[in-house]
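J.: Chain by chain, the residues:
Number of protein chains: 2
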Amino acid sequence: MPKQYGQGCPVAKSLEFLGERWTLLIVRDLFTGPKKFQDLLGSLKGVAPGVLSSRLKVLEDHGIAVRRLYSDHPPRAEYALTPKGVELRPVVRALAIWGTRYLSHDRVLVHNRCEQPIEMAYYCPSCDERLAADEASFRPTHTRAKNGRRRPRRVSQAAR
Amino acid sequence: MPKQYGQGCPVAKSLEFLGERWTLLIVRDLFTGPKKFQDLLGSLKGVAPGVLSSRLKVLEDHGIAVRRLYSDHPPRAEYALTPKGVELRPVVRALAIWGTRYLSHDRVLVHNRCEQPIEMAYYCPSCDERLAADEASFRPTHTRAKNGRRRPRRVSQAAR
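For the record, the sequence lines run as chains A and B. Position 137 of the first sequence, counting from 1, maps to 477 under our numbering, and the rest follow consecutively. Position 129 of the second sequence, counting from 1, maps to 469 under our numbering, and the rest follow consecutively.
One chain only, chain A, in its complex shape (with noise of 0.2 Å):
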């Protein structure tokens, strides 16, 4: 049972669950595919199976990742990333990207062109454009009426 911050903060109600031990270490082996708990157990060494078990049970109930039968006779089953866990690319693409710049010194992520170093930004997709870190902040999703009541802030559709 992952233990609360007792923040209202993103970042810290995401580590809540996501920050317990082998969780986004899950997350990273499903982005290439969908996977049975054993071929979890054999990239994930040292898991314990009730561990693994406890994790995956977590990422389902959050809506992370799906538990489905590929299989009826016999039944087998394999875990997927919903869309909401593939959003989580950007997270562990910055962990890869620093990690592989101060801890891992035998490779790199480059642009395949230029074979220059990347990194990672802030894009709006509304404007196609990359943006400083003074360019984007916090806004309330709902606004108030001048009746008092809450209205949601208007999104274009384009950018959700």
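Everything labelled a hint here was simulated from the structure, so no lab data went into it. What you were told as hints is all true, and nothing was included just to trick you.
Given that identical chains are not distinguished, each listed pair holds provided it fits within a single copy or across any two copies.
Taking lysine-lysine pairs in the DSS-like style, the calculated list, with each CA pair at most 30 Å apart, reads:
| id | residue 1 | residue 2 |
| --- | --- | --- |
| 1 | K424 | K343 |
| 2 | K385 | K375 |
| 3 | K376 | K397 |
| 4 | K424 | K376 |
| 5 | K397 | K424 |
| 6 | K424 | K375 |
| 7 | K385 | K343 |
| 8 | K375 | K397 |
Starting from the structure of chain A, add chain B where the hints point.
T.: Showing chain B alone in chain A's frame:
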């Protein structure tokens, strides 16, 4: 003492210590400027002083944060991120974006100008270009010369 995963993967190596409970929240709090031990104890409700102290020690050992005296009489110290620590910003940002989208329904990270939600994307500083996932790949940092000797990959200074 962080537990090892025994994997060469840069994500696993990063998570061995960054994945410990509280660590990324300490880094998050240091992004807004240097903090005293007491400040962190106040912003991270529920952290035990011994745990905070041990996490800060690990961050210092990895060159992510430094402890520095800002007054000799009486001696007072504060913790600040190093450039290596500041480079963890994309990791925390990616968690913030994911968390605001899926866990905190009260706010969203938007582009100041158009007010639409933003994402994080691969970016090549050398080409000043946003990249799709398949335009980047891991390459060895060293290549083999004809005589079999290991030699560093050529990487332009601009991109370092």
